[in-house]
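Enquirer: These are the residues of each chain, in order.
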Amino acid sequence: GDSVTQMEGPVTLSEEAFLTINCTYTATGYPSLFWYVQYPGEGLQLLLKATKADDKGSNKGFEATYRKETTSFHLEKGSVQVSDSAVYFCALCSGSVDYKLSFGAGTTVTVRA
Amino acid sequence: DAGITQSPRHKVTETGTPVTLRCHQTENHRYMYWYRQDPGHGLRLIHYSYGVKDTDKGEVSDGYSVSRSKTEDFLLTLESATSSQTSVYFCAISETLGQGNDEQYFGPGTRLTVT
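Chains A and B, in that order, are what the protein sequence lines are. Counting with this note's numbering, you get residues 496 to 608 for the letters of the first sequence. Counting with this note's numbering, you get residues 236 to 350 for the letters of the second sequence.
The set of hints was computed from the structure by calculation and includes no laboratory data. Heads up, some of the hints might be wrong.
To be verified - Over the 12 Å line for every Cβ pair with chain B, so calculated as not near, a few chain A residues:
#1 Thr507
#2 Glu510
#3 Ala512
#4 Asn517
#5 Asp549
#6 Ser553
#7 Lys563
#8 Glu564
#9 Val577
#10 Ser578
#11 Ser580
As the list claims (entries may be wrong) - Distance windows between CB atoms, simulated:
#12 Glu503/A - Val323/B: 17 to 23 Å
#13 Thr565/A - Gly298/B: 34 to 40 Å
#14 Gly524/A - Val323/B: 26 to 32 Å
#15 Glu537/A - Val247/B: 18 to 24 Å
#16 Glu262/B - Tyr534/A: 17 to 23 Å
#17 Thr565/A - Asp308/B: 38 to 44 Å
#18 Arg607/A - Pro343/B: 22 to 28 Å
#19 Asp273/B - Gln540/A: 17 to 23 Å
#20 Arg244/B - Thr603/A: 18 to 24 Å
#21 Pro343/B - Ser578/A: 18 to 24 Å
Note that CB positions come from ideal geometry on N, CA and C, so glycine has one too.
Isolated chain A, as found in the complex (with noise of 0.2 Å):
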């Protein structure tokens, strides 16, 4: 079946840093690829997605490239805030026979000033 192994937290880093999470998947035929964000106290929002291969997400400095070569979606941040502190989830959801998001196990990403 279809499933996204991540980088295991916590990850500590400081202003300005450069973060990058791993994430790896599994799965059948062609899936899209999801970067989903939780605040503290919030629900998940999505960050960025890719739908094919070598697509690149982007959004709020953060990005990350479709690779089907690897089967992988690394999330990237050149230079990280104390906002960015959060738990970052990579998903995938494989098509439009199976409706569901597949989520990895979150990667709690803490930033100090």
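Position chain B against the provided structure of chain A, taking the given hints into account.
Expert: Relative to the frame of chain A, chain B by itself:
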């Protein structure tokens, strides 16, 4: 923000009691989902709905039932709550499926504690 509300937002109940959580949307989206969030597991799908009175099981459906009598409301019921159902429950909605339109919008969550 997508118009999704969940009620109650917090609930403490005793083992063996029935509990119903409500998700209400104002977006007229066809698809609705219930997830539970637990440390180390991310979000896991409990049940989902692809239309009024059309529902199906997710990966962790045991001990839960759902109903959808109107487009805007999706109810999750724990028939007899157990301590293992202590969790944060999220409702989500989506408009379309496939062709790159698989985005889901999430509600604020309900924190349920079963003592």
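Enquirer: For each hint, tell me whether it holds in the structure or not.
Expert: Tested hints:
1. Thr507: 18 Å, holds
2. Glu510: 27 Å, holds
3. Ala512: Non-interface label on Ala512/A holds, nearest chain B Cβ at 25 Å vs cutoff 12 Å.
4. Asn517: 15 Å, holds
5. Asp549: Non-interface label stands for Asp549/A: nearest chain B Cβ at 14 Å, farther than 12 Å.
6. Ser553: The claim holds: Ser553/A sits with its nearest Cβ about 15 Å from chain B, beyond 12 Å.
7. Lys563: 15 Å, holds
8. Glu564: With a cut-off of 12 Å, Glu564/A remains clear of chain B, as the shortest Cβ separation is near 20 Å.
9. Val577: Nearest chain B Cβ is 23 Å from Val577/A, so the label holds.
10. Ser578: 18 Å, holds
11. Ser580: 17 Å, holds
12. Glu503/A - Val323/B: 17 to 23 Å: Holds: the Cβ-Cβ distance is about 20 Å, inside 17 to 23 Å.
13. Thr565/A - Gly298/B: 34 to 40 Å: 38 Å, holds
14. Gly524/A - Val323/B: 26 to 32 Å: Once the Cβ atoms are compared, 31 Å apart, the range 26 to 32 Å for Val323/B and Gly524/A holds.
15. Glu537/A - Val247/B: 18 to 24 Å: For Glu537/A and Val247/B the Cβ distance comes to about 21 Å; the hint holds.
16. Glu262/B - Tyr534/A: 17 to 23 Å: Roughly 21 Å apart at Cβ, these two residues keep to the hinted range, so it holds.
17. Thr565/A - Asp308/B: 38 to 44 Å: 42 Å, holds
18. Arg607/A - Pro343/B: 22 to 28 Å: With a Cβ separation near 27 Å, Arg607/A and Pro343/B satisfy 22 to 28 Å, so the hint holds.
19. Asp273/B - Gln540/A: 17 to 23 Å: 20 Å, holds
20. Arg244/B - Thr603/A: 18 to 24 Å: Distance hint for Arg244/B, Thr603/A holds at roughly 22 Å.
21. Pro343/B - Ser578/A: 18 to 24 Å: 19 Å, holds
In the structure shown, no violation is registered for any of the earlier numbered hints.
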